[in-house]
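Listed below are the residues making up each chain.
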Amino acid sequence: MSNEWIDPKRRELLEWLCDPGRRLGIDRAVAAYTAAKEGALGRLPEMEEMRKEVRKIKEGSISRMDELVRQTVDSIADVKGTPYLARDAAEARRIFCSIVGTGKLVVKSKSLTSEEIHLNSALEDAGNVVYETDLGEFIIQLRKEKPTHIINPSVHVPREDVARTFSKLLGRDVESDIPSLVGVARAFLRDKFCNADVGITGANVVSAKTGTLFIIENEGNARFVSNAPPVHIAITGIEKLVPTLSDAFKVVQTLPPYASGVLISAYVSLVTGPSKTADIEKTIVYGAHGPKELHVVLLDNGRTEMAKDPILREALYCLRCGGCLYECPVYRVVGGSFGDNYFGGIGLVWSAFTGDECAVAVAIDACTKCGRCKEVCPLEIDVPKMVEHLKSNLASRGYVSKKHAEMSENIMRKGNPFGIYERRQ
Amino acid sequence: MAMAGKILYWRGCMSRLKMKGIADSTEALLGLLGANYDTLGGGEGCCGSVLLRTGQQDAARSIAILNTEKISSLGYSDVVTSCPGCFKTMSSEYPIIIGRAPFNVTHISQFLYRRRAEMAGHLHPIRARVVYHDPCHLGRHMGVYEEPRALIRMVPDVELVEFKYNRSKALCCGAGGGVRSAFPEIAVEVARMITGAPLKATGASIIVTSCPFCNFNLKEAGGVDVIDLPEFLLRSWRGSE
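Protein sequences, first through last, are from chains R and W. So the first sequence is residues 1 to 425, counted in the working numbering. So the second sequence is residues 1 to 241, counted in the working numbering.
Honestly, the hints are just simulated from the structure, not real lab data. Not one of these hints is a red herring.
Output of the computed footprint for chain W on chain R, the stretches with three or more beta carbons under 8 Å from beta carbons of chain W:
1. 325-333
2. 363-373
3. 404-412
4. 417-423
Since the structure is predicted, the reported quantities are computational estimates derived from the model, not experimental observations. Using N, Cα and C, we set each Cβ at its ideal position, and we do this for glycine too.
Construct the entire structure; sequences and hints are all you get.
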C-alpha cells in the first residue's frame with residue numbers, strides 16, 4: 001500500500017503541533033483541571049470504592065447490552081416516550097430528520113454522540129436552524145470548527161480568540177475577560193431556548209428499568225433545552241445503559257470529579273417520559289409545562305461489534321469523563337487532531353468503530369502507549385493494551401507507515417531497526 | 001549447562017548502536033563489580049519490542065522464537081537488559097508467545113540493586129541535585145520504581161529530588177510506541193513537556209533515567225544533562241567529578 005493515506009491526517013497533527021494559540025488554550029485548561037481534580041478527589045476518599053463498583057456495573061451492563069436495549073425500549077414506551085434503535089449513523093440521522101422536519105428552530109446541549117453521527121449538518125441540510133447552547137460548543141459552532149475535547153469542546157480556544165469570535169458575531173468589540181464572554185453567550189441564546197421548536201440533548205447514563213435519562217451539566221443549558229421546547233429528542237449510545245436507577249446514580253457520582261474536578265455537577269436532570277399532569281380529575285394529559293413529546297434515539301453504530309471484541313470491548317466501559325485527555329502527554333501537544341471526534345488513546349478505539357479508519361491509522365502512531373491514561377482512569381481501562389491491539393489490527397489490513405515498514409525490514413535483514421550493518425563476532 | 005551461573009548482558013539496539021555510552025558504561029560497571037557476564041556482540045539482534053509496539057505481531061513472534069532458541073541453546077538462564085523495552089518484551093511478552101518463561105530477565109537497575117553492597121564502598125561524591133525520570137516501560141508497565149532511586153541515593157552528596165508527577169503518574173518522554181520514528185516532531189515536543197517547566201520546578205541540573213530511548217529523546221529536547229543510571233554510578237565509582 002502506498003503511503004498517500006497518511007498525508008492529510010499527518011498534516012493536521014503537525015498543524016496542531018505548531019499552533020501556539022491552541023497549545024496555550026490546552027495548557028491553561030490542563031493546569032486548572034488537574035488542580036481542581038486533585039482537590040475534589042482529596043475530599044472524596046469514598047471514590048476509591050465507588051469507582052470499583054462502577055467498573056463492575058459497566059462490565060455487567062456491556063455483557064448484556066442487547067437485553068438492556070430491549071428493556072430500555074419497553075420502559076421508555078411505558079412512560080409514553082418514543083424509543084428508537086438506530087443501527088448506524090445514517091439511520092440515526094434519518095430518524096432525527098423525520099421527527100424534526102423542516103423550517104424548525106433547534107437548540108442543542110452538548111452531545112458528542114450527536115457529533116459522532118454528524119447531526120447538525122443533516123438537520124441544517126433539511127432546512128432547520130440549529131444552535132449549540134453549551135458555551136464551548138457554541139464557540140466551536142461559530143468558528144466552524146470541530147470539538148476537540150469530549151467535556152470541553154473548545155479547550156483549544158484561548159479567551160482572546162473567543163473574544164474575536166464573539167466580536168464578529170455581535171458586530172462590536174467584546175472584551176476578552178471570561179465573565180463578559182460568558183455574558184455574551186447568555187444574552188444571545190436566552191430567547192433561542194424559549195422560541196425553539198425542538199430541543200436535542202444527549203444522556204450521560206440511562207436506567208434501563210425505568211427508562212430514565214440522566215443529563216449531567218453545569219451551565220443550565222441542558223435544562224432549558226430538555227424542558228422549554230415542545231419536543232425533546234435525546235440521543236445516547238447503547239453502552240450508556242445500566243440496569244437500575246441506583247446503578248445510574250453511582251455513575252453520576254463518579255463522573256463529575258474526574259470530568260471537571262467538582263464533587264458533583266451543578267445540575268443532574270432526570271427525565272422519565274414527556275411532561276404530564278393528572279391534576280384535573282386524575283386524567284393524565286401529556287405536555288404540561290415541559291415537552292409534549294420525548295423521543296429517545298439509542299445508537300448502536302459499531303457498539304455491538306465493539307462488544308464482541310474481547311480486548312476492545314473495554315472501551316465501552318468509558319464514562320466519557322475526558323480526564324485521560326488532560327493527562328495525556330500527546331494530547332497536550334496535538335489536541336483535537338489526536339483521533340476523529342473521540343480523542344486520545346481510548347478515542348482512537350472509539351474513532352476506529354465510529355469514524356474515519358484512515359485518520360485513526362495515522363493518529364495511532366502518535367500514541368506512545370505510555371499508559372498514563374490507564375493510571376488516571378476511574379475505571380482503570382487498559383487503554384495501552386487496546387491501542388496496541390488496534391494497531392496490530394490496522395497493520396494487518398495494510399496500515400503500516402513507510403517508516404515502520406522500513407524498521408521492520410531492517411530488523412529482519414540487519415538485526416536492528418536502524419539498518420546499521422553490524423559485524424558478527 | 002556451559003553458561004550456568006553466567007549472565008547474558010543484552011544491550012539492546014539503542015545502547016548498542018546509538019547511545020553506545022550506555023552499553024560501554026554498563027559493561028565497565030559490570031567489570032568493576034566482577035560480574036561474570038557475556039554479550040552476544042554483533043550477533044545480538046533485536047528483541048522484538050519495536051515490532052510489537054508498531055503492530056507487527058507476526059514478525060515479533062518469529063524474533064521472539066529465534067531469540068529464545070539462540071539464548072537457550074547457548075545455555076544462559078539469566079538475561080540482564082539496559083532497555084526497559086527489551087526487559088518488558090522478554091520478561092512479560094516472550095512467555096506468552098513461547099508458552100513458558102524461557103529464562104530469567106532482569107533490568108540492569110534491579111541487577112545493580114541486588115549487588116549494591118559491593119558498590120557501596122566504591123562510590124565517590126557527586127555534588128549535584130538530580131531528578132530521576134521514570135521510564136514508562138520500566139515503571140508503569142513493570143512496576144520498577146524504587147531500585148533506581150535507591151541506587152542514586154547511594155552516591156554520596158547527591159540530592160535526589162522528584163518531579164511533581166513521578167512513579168505511576170510520571171510523564172512520558174515521548175519516544176515510545178514507535179512515535180519517535182513515525183512523528184519525531186511530536187516526540188520531541190512531548191519531551192519538552194518534561195524538560196520545560198516540570199524540570200525547572202525541581203531545580204535539578206541532571207536527569208538520571210534508566211532507558212536509552214528516554215535518554216535519547218530527553219537529550220533531543222535539549223538544555224539539560226541526561227545520564228543513564230549505570231553511567232551515573234560509573235561516574236561516581238571513578239570519581240571523575
